[in-house]
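Chain order of the listed sequences is G and X. Residue numbering for the first sequence follows the numbering used here, beginning at 179 and increasing consecutively. Residue numbering for the second sequence follows the numbering used here, beginning at 179 and increasing consecutively.
Worth flagging that the hints you see were computed from the coordinates, not collected in a lab. Warning: the hint list may mix true and false statements.
No copy labels: a pair is met if it fits in one copy or bridges any two.
[As the list claims (entries may be wrong)] Derived pair list, reagent style BS3-like, types lysine-lysine, alpha-carbon separation capped at 25 angstroms:
| no. | residue 1 | residue 2 |
| --- | --- | --- |
| 1 | LYS199 | LYS214 |
| 2 | LYS187 | LYS284 |
| 3 | LYS328 | LYS397 |
| 4 | LYS378 | LYS329 |
| 5 | LYS199 | LYS186 |
| 6 | LYS227 | LYS287 |
| 7 | LYS186 | LYS284 |
There are 2 protein chains.
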Amino acid sequence: MNEESFTKKLAALFPQGPDVKVGPGDDCAVLDLGMKELFLAAVDQVISKVHYLEGCPPSYVAGKLLKRNISDIAAMGGLPTHALLSIAVNPMDEEWLALFHEAMAKFSKVYGISVIGGDMARLFTPGEVLSLTILGKVEREKLCLRSGAKKNDLLYATGSFGNSFYSGHHLEFTPRLEEARFLAGNFTHAMQDVSDGLLKDAARMAEASGLALALEPEKVPLRRGASVEAALTNGEDYELLIAVPPSLTFRLERAWSFPTALTRIGKFIEGTPGQVAGTEELNLSQKPTGYDHFQ
Amino acid sequence: MNEESFTKKLAALFPQGPDVKVGPGDDCAVLDLGMKELFLAAVDQVISKVHYLEGCPPSYVAGKLLKRNISDIAAMGGLPTHALLSIAVNPMDEEWLALFHEAMAKFSKVYGISVIGGDMARLFTPGEVLSLTILGKVEREKLCLRSGAKKNDLLYATGSFGNSFYSGHHLEFTPRLEEARFLAGNFTHAMQDVSDGLLKDAARMAEASGLALALEPEKVPLRRGASVEAALTNGEDYELLIAVPPSLTFRLERAWSFPTALTRIGKFIEGTPGQVAGTEELNLSQKPTGYDHFQ
Numbered sequence: 179m180n181e182e183s184f185t186k187k188l189a190a191l192f193p194q195g196p197d198v199k200v201g202p203g204d205d206c207a208v209l210d211l212g213m214k215e216l217f218l219a220a221v222d223q224v225i226s227k228v229h230y231l232e233g234c235p236p237s238y239v240a241g242k243l244l245k246r247n248i249s250d251i252a253a254m255g256g257l258p259t260h261a262l263l264s265i266a267v268n269p270m271d272e273e274w275l276a277l278f279h280e281a282m283a284k285f286s287k288v289y290g291i292s293v294i295g296g297d298m299a300r301l302f303t304p305g306e307v308l309s310l311t312i313l314g315k316v317e318r319e320k321l322c323l324r325s326g327a328k329k330n331d332l333l334y335a336t337g338s339f340g341n342s343f344y345s346g347h348h349l350e351f352t353p354r355l356e357e358a359r360f361l362a363g364n365f366t367h368a369m370q371d372v373s374d375g376l377l378k379d380a381a382r383m384a385e386a387s388g389l390a391l392a393l394e395p396e397k398v399p400l401r402r403g404a405s406v407e408a409a410l411t412n413g414e415d416y417e418l419l420i421a422v423p424p425s426l427t428f429r430l431e432r433a434w435s436f437p438t439a440l441t442r443i444g445k446f447i448e449g450t451p452g453q454v455a456g457t458e459e460l461n462l463s464q465k466p467t468g469y470d471h472f473q
Numbered sequence: 179m180n181e182e183s184f185t186k187k188l189a190a191l192f193p194q195g196p197d198v199k200v201g202p203g204d205d206c207a208v209l210d211l212g213m214k215e216l217f218l219a220a221v222d223q224v225i226s227k228v229h230y231l232e233g234c235p236p237s238y239v240a241g242k243l244l245k246r247n248i249s250d251i252a253a254m255g256g257l258p259t260h261a262l263l264s265i266a267v268n269p270m271d272e273e274w275l276a277l278f279h280e281a282m283a284k285f286s287k288v289y290g291i292s293v294i295g296g297d298m299a300r301l302f303t304p305g306e307v308l309s310l311t312i313l314g315k316v317e318r319e320k321l322c323l324r325s326g327a328k329k330n331d332l333l334y335a336t337g338s339f340g341n342s343f344y345s346g347h348h349l350e351f352t353p354r355l356e357e358a359r360f361l362a363g364n365f366t367h368a369m370q371d372v373s374d375g376l377l378k379d380a381a382r383m384a385e386a387s388g389l390a391l392a393l394e395p396e397k398v399p400l401r402r403g404a405s406v407e408a409a410l411t412n413g414e415d416y417e418l419l420i421a422v423p424p425s426l427t428f429r430l431e432r433a434w435s436f437p438t439a440l441t442r443i444g445k446f447i448e449g450t451p452g453q454v455a456g457t458e459e460l461n462l463s464q465k466p467t468g469y470d471h472f473q
């Protein structure tokens, strides 16, 4: 069984209570707890030798861990509010841990996040496994799911793609929180972030929306050193994919004032849900390089 | 620096927003999100070769991971509602993962918990690192902190202590959720669960309350195979410690109808905060056996 269907099969095991508006499968879970806003929650990990190389400064590790979670909140149109940290390390190196926590405190302050709890345990072998649960909120009218794209919506992407690992982008990126807040509820039928690769994540958005996607790979902005193939498959871009209704594209392109690029790269069309047309002449069988993550 | 003070130093790095009623340091964080109830959140891990032996059936691992988190919610007087799973494994063994998730689904159903999200990633070496974030709620008048004990309060404990690892208790325990709900707000000045060892956790409760504790070690109920020393230091008991006002002890002991033992084992007194008297003649320098966890 491929990873995608296996993960779906596992997620389907869990029944969801009546306050769960969106369960596993989107960038965040969405709960209706009776607050004015909807409540968001997600969890993401960073693991040594998988998500970063040995010797990576702990401040970068902390930044990546927090920011990749913020990217999930951004993709829902929301704002991050609280986080919980789960740390398994060996050795219990006080200097490493102090630097990691100091950086986590610095980054969480920047984003207005309260780190409200954590657990620290010893790993059985040298290395680090770091997990962060992020909580957030989103106004009901701003909530963006990946399943909302409509036929003829245009697919836009922020920023550029590919070569995230060797370029250092995967450590140094800025999550597209402000851009997402500007887009959400104003220009979006659907939104999600790109962590597993543009092609894979765009296909998920199309599939969740019951549509196919006509992609224009030659329009995808390339990060320095990236080929089109790399841009489509490498992942760890932490950019946004947005489904924009055709009636709003003109207004969006005029209103966009961020230094971040915003590029139209495709269109949602009728067809087999999740199928992506336009990549037939590319060689996409190559493995992602430099990192390896399951989900 | 010892682990306790190092952990405190790290937790102090994180400023807390105005909606954080209790930050790091209690069994759960407590948020006031404007809901009728207060919101609870905690995270705890289970790691192969640290929290269970190799070959332990995945259903037991899932049970331990969920139940130790429920024990934290119980200790606040609350009810668990939602959970997020973070999984780092190697190999990506579909059978192991399916059994783990099936058991997690079964246990979460028993406790009425919606598992709303997760992350699965590859570990760099054979083994498993499993983390669960639990969310919950508690009525404002039922909230139990560890800092609420008053001078002359009696210390009660549920169940028995020691030898948790070899007896299998650390896998098979039932979190004291019903007992805690009965106690909370009715008989409690303070409550917490015992995961790191009775002595260490009771001292934390005294310290948080600004009091010393007169412990009566000979009254501590022993789990089969446990010495008094083991009962005080082994940990992973997942029992409750409760500070009961002297005026309520008679009524509590009469009203207690659970099959779980409830035993008076000490008294909070004036003195150096966190100091525990009564263990002077015991040999407590022995290391915990069979498991090894930092926090």
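Hint check results:
no.: 1; hint: LYS199 / LYS214; verdict: both (14 angstroms within a copy, 19 angstroms between copies)
no.: 2; hint: LYS187 / LYS284; verdict: between (38 angstroms within a copy, 15 angstroms between copies)
no.: 3; hint: LYS328 / LYS397; verdict: within (21 angstroms within a copy, 68 angstroms between copies)
no.: 4; hint: LYS378 / LYS329; verdict: within (19 angstroms within a copy, 61 angstroms between copies)
no.: 5; hint: LYS199 / LYS186; verdict: within (18 angstroms within a copy, 37 angstroms between copies)
no.: 6; hint: LYS227 / LYS287; verdict: neither (28 angstroms within a copy, 36 angstroms between copies)
no.: 7; hint: LYS186 / LYS284; verdict: between (36 angstroms within a copy, 17 angstroms between copies)
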